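Peer 1: Given next are the chains, with one letter for each unit.
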Amino acid sequence: MALVLVWAAELAVFALVVAGILAERPLPLAATGLAIVAAAVGLRLRPGLRRALVAAFVAHRRAALAGGALLALALPLALRASPYWTFVAALALLYVTIGQGLNLQIGTAGVLNLAGAAFAGLGGYSVGLLTVTAGWPAWLAVLAAPWVAVIVGTLLFVPILKTRGHYLALVTIAFVFIFNILMNNFEFTGGPQGIKNIPTLRLFGWPFTAKPSLLGVELPAHANFYYAALVMASLTTLVLRRLHDSWLGLTLNTLRDDEIAARCCGVSITRGKLLAFCIGNFFIGLGGALYAVMVGFVSPPDFDFGYSLVMLSVIIIGGVDSIPGVVLGACLLLPLPERFRFLHEYRLLLYGLVIVVMLLYRPQGLWPAAIRRYR
Amino acid sequence: MSLLEVKGLTVSFGGLVALDAVDVGVDAGETLGVIGPNGSGKTTLFNALTGLYAAAAGEIRFAGRELAGLEAHAIARLGIARTFQSSRLCLALSAFDNILIGMQAGRRTGLLDSVFRRGKLLAEMGEALERASHLLALFNRDLPARGFERVGQLPQIDRRRVEICRALASRPKLLLLDEPSAGMNPEETAELMRDLQIVREEMPGLSVIVIEHDMFVIEGVSRRVVAFNYGRKIAEGPFAAVAAHPEVREAYLGRETARA
Amino acid sequence: MPPLELLLQQALNGVMLGVMYALIAVGFTLFFGVLDVIHFSHGDIFMLGAFAGLSALLGLKAAGVAGAALALPLAFAAAMLVTGLVGVAAERVCVKPLARSSPLMTLLATLSLGLVLRESVLIFYPRGADPKPFPQLLPQGGVEVGGVAIRYENLAILAIGFAAMIAVDRIINRTRMGAAIRAVAQDPEAAQMMGVNLDRTVDATFFLGSALAAVAGILSGLYYSEIHFIMGITGGVIGFSAAAIGGLGNVYGAIVGGLLFGVLQTTAAALIPRGSEFRDVVAFAVVMLFLVFKPSGILGEKSVERV
Amino acid sequence: MNHLSRRELLQGATALGVGIALAPAAGFAQKKTVKLAFIGPLTGGTASNGLGGRNSFLLAVQERNADPKSKYRYETEVLDDECKPTVAVQAALKATSDPAIVAGITHYCSVTAIATVDTYHKAGMPAMVWGAVLPEITYSHQHVEITRVNGTMINQNNVAADFAVKTLGFKTFALIHDTTDYGRAHAKWFGEFLEKAGGKILSTQGTAKDQKDYTAELTRAKGDKPEVVWYGGLTPDGVRVKVQMDKLGIRAQFQGTSGIKSDTFNETAAAAAEGTLCFVEGAPTEKLPGGRKFLEAYAKGGFKEPSEAYGPFAYVAANLVIDAIEAVGPDRAKVAQRLKRTKNAGTIIGPVEFDEHGQNTVPLISKYVSQDGKWVLWEDSEYASGKRTLPGLKFKKM
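Protein chains in written order, with the numbering used here: chain A, 1 to 375; chain B, 1 to 260; chain C, 1 to 307; chain D, 1 to 398.
Here chain A stands alone, though its shape is the one from the complex:
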């Protein structure tokens, strides 16, 4: 019974998401919107149902995960008519990877890194330079690029360690600006035009620009990247969840909340922050690297300070230090502004308002961090 409830709930969410994405005419769009509001209100008014749902999900965690995985795999089928939405879905998954990396730094370790865009840019630009300039195959470049983010990040680590709080925020903001200006003004990075014609990924000879077919249905070419990003996001989330529910997560949380207490418990602040910073930058750089092969080109405005803010809002809206929160945050914050593209110039205004309202009324995020239980 509970199992049916779990899968029914997942299916309902999936149906609402797909309908919300694909509804173009006003009437279906309004109907979907109403259904989403009705579902939210229903859950709010019926705490019994809410509790039953939560209990069912807790009891059938594996089944719920399997169902979710299946639906995630099926999403491109539902979106097959729209390469655009397949692209947006892939982008949201990239932000899951990036968000998990950044969350380890900001959420878990309290290292306020506002240079997320720059580290993603280091990954992306490295792929561009390694493939276009040095002639490496794309997959090798994607694997190597995150290490560039890690190495450059380590160089930046001295100021990171020496400053904290608001000063740290400033150091990282300054770094994004510096990165952007340098990329824009150097010759070898292609200047403002960036690096074009980055070769696409190939898997066993299968080019990611070819249209794949699933169950006999032809999908848009971006479905390749959707699946690649899905694999990457799942692996990243798994790794980060395991790290979070281990000595590392505990140590980082402690040094985030009270450095002095942590030091007196034998925690090396330098080591902890360095680990968080490097692991985080690895995944941020990885996200940037896949972005480069997905879009086929990188340029300075792709990695400006505004994107650092998008990454930050993914974490905070999802729930600081919350692994599932990052997934939820990325899957909401990336597609939503796209959905509201018809608002034209009012879009950014609304985006800002939504974030402010969210922070005031749900500062703990949509899916707050849970207590570590080491299970």
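To be clear, the hints were calculated from the coordinates, so they are not data collected in a lab. Where hints are given, some of them may not hold.
As the list claims (entries may be wrong) - Over 10 Å on every C-beta distance to chain C, these chain A residues come out as not near it, computed from the model:
1) Ile106
2) Gly205
3) Arg242
Unchecked claim - Coverage of chain B stretches by chain A, computed from C-beta distances (three or more under 8 Å per stretch; other residues unrestricted):
4) 177 to 184
5) 238 to 248
What the hints assert, rightly or not - Pair ranges (Cβ atoms, derived):
6) A/Leu366 to B/Ala21: 42 to 50 Å
7) A/Lys162 to D/Gly169: 52 to 60 Å
8) A/Leu366 to B/Gln153: 18 to 26 Å
9) C/Ala163 to A/Val158: 54 to 62 Å
From a predicted model like this one, the values you see are computed outputs, not experimental measurements. For each residue, glycine too, the CB sits at the ideal point set by N, CA and C.
Dock chains B, C and D against chain A, hints included.
Peer 2: Here is chains B, C and D on its own, set in the frame of chain A:
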């Protein structure tokens, strides 16, 4: 044999001398009480011992090792654990997490184990959780059941217990308690003294230095007492003798009159 | 090496920039003092001040008040009132409710608020996307002293800017409200016990800091004869940098930091090959180095963490 | 509200809903609907140009829908590219993945136009660039889908350099440009043609886009005593350069690129704008047979924002695309083929003809001078007739 030997320890901030050539020693298994008015350098002594402040002069030998130049976390790993005057727990984390952090220095699994050999990690964490439960149960039988609650939701006295458990979790040789009774009412203070008694019985080899304002507590837990004023040690010896020392009386009476 | 008069000219250019940065930075530092937060929409409040000033001037012109001697003070007053109130509103809505939670929250909330302010001007101000001409009300013309062009306008802007700084100094050091601000900055709880009304003091601080941003906004309009809705982005980042170089919480530090940043930018553009392209790289790199070697700023107190 | 029964409310809402759903369908049931996309910057620093282009595009569509002879009813999809490549790629994907959209009138910023070339090519959707001037947008490939109505910066700078050196007799130049690809490429081409024409470049300085303060760069340039300060960039920055030049007492001639040819430049720079030179591809809107009509129609359209320099190009692009659809039907591949073969098409910007790269080859470049707060064609200006003297020439004589 003495576990800790401090000789001529001097700590200064800018021109201000907070500790002036202080000598202190503690034997294995001994409890030493530290008294003195506010600002007399008691907490500074703890901060210097734990490596939070650097000494301007003097030496600190602990278990035969010189501590000068070591970082706080390295000193902690040698076996000095402490509590703080105003609680320094991570209120957003669970009580268990707050205790487990005391054990992380002795962990046997690494980063790769956390990701790839999950079974090994979880087994170790299970043991650690059990030990944390055991420590909590020493003080309050009902506490282990609340171990997965955020520590901020526990009452004041239980928080202090969690903090002591955190210090004990690292299996230290020397425990530094900084005013454990601060902010407590007489009943809680009595409970606390019972708690300290339990610690003594549970770990007979452990050396303890306790800073206290409450003379009743000091008299109850420590046989030997040192008194500080203006960064200098002004008296040392059994509680009664120190309490009767004229300089100590002046320091405290002066304070009492000022308060009244 | 360029000739001396060009260097002097660059220094003057830098000081002009620096005065405006300093006025913004003082706001950052005041807010940090009382609430320990960085109010990131402050840059956009600076922009709002410029637009409020422009609207006031246009309104006065339409009402027949054309003389600079009357119109300018009125415009300053109006713009300071507007930004002061918006600043207080921002504090009440976005800053204080979140001040107790992690700095992340205020960071994102105020950055988003800045976005809202910016986009609102873009959309709701008539033809907000365009740069707007700002009336030239200060005496034009000038003199050349040894090859350095000094305009009367520059002198007037410097005078107004420094007058505003001196006024802030007076308010903080000589008035009851200033005493309350200082008390809250040092220890909010102790200040409250001594009878300081915390909420009112915080409001007053935000009013004061935001009003200063309006002064900077109008001065920027007068100096460049033009304002644009995106001017708050760089204004904010540089203002914050200046406050941080000077030491957050220290008003004089913010002023020194602002002037330093301005001079740094112009001299970098003047002395380094391809300097104009990399001048912000140089400026920000210096900020980073500063924070590494002097983590609490030039005039910031070295904070010993209490254990 | 109390006296309204719940039933009445419900009825009202239903009627409203049905009305909204049916209204478009009922009125135009007889014509097939074809969708066109417009993509440009609607937010951010270059929004004024994007909004002007959008309005001109909408004007073209409105006119065609009002024309009883047209075979189709045209719907529009307006997308914002924020002048950012990522956003542009997303917008392009959104347009190309909607099968109802047959063609696009795309991009004002060069960085977004170059980023999306492959997207349109892969999707096989014809995209006509209406404002971006980077040569590579058309010259880096031979895709049938990509065409451009506006000229590239190559022709513009050739004319600009020759005019400044050979006609006006200026010899020494200080170059300032923004570090976007627009400014950088302009500086590169202008510099090349300048040296060919015999001019001398004293210094070249790159500045950040949206930079506020140019006193440092201008002071540096002043030290070299140039006869001309040339700026490659867009209006907001161009205004600042010119105004600050005056304030620093630099009396050299100010010359800009097509990026400053906007009404906003004259309005914002006010008196400082007088005597500024700039160069634009195509003929002046007012001067062409259709130009006056366009401006009149635009004024009647009741748009909030002015059409700006590139509005006519967006208008022409929309018309060319619609003409092609009328001729071959709403099929992307056929429309693309047809568009690329466009020859000698009469438009309000003059005859349009695409080369094998899809580039409009009619290299008509107009020279403008700012006179009494308006951009006046050089040939019609009092500066050409000798009534007034360019500020730079006055300065040169001193």
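Peer 1: If a hint holds in the structure, say so; if it doesn't, say that too.
Peer 2: Hints versus structure:
1. Ile106: violated (7 Å)
2. Gly205: holds (43 Å)
3. Arg242: Non-interface label stands for A/Arg242: nearest chain C Cβ at 24 Å, farther than 10 Å.
4. 177 to 184: With 0 residues close enough to chain A, the hint is violated.
5. 238 to 248: That given contact is violated, which follows from only 0 residues of the stretch 238 to 248 of chain B lying within Cβ reach (below 8 Å) of chain A.
6. A/Leu366 to B/Ala21: 42 to 50 Å: violated (58 Å)
7. A/Lys162 to D/Gly169: 52 to 60 Å: holds (59 Å)
8. A/Leu366 to B/Gln153: 18 to 26 Å: holds (22 Å)
9. C/Ala163 to A/Val158: 54 to 62 Å: Hint violated: Cβ distance 41 Å, outside 54 to 62 Å.
Comparing the model with each numbered hint stated earlier shows that hints 1, 4, 5, 6, 9 do not hold.
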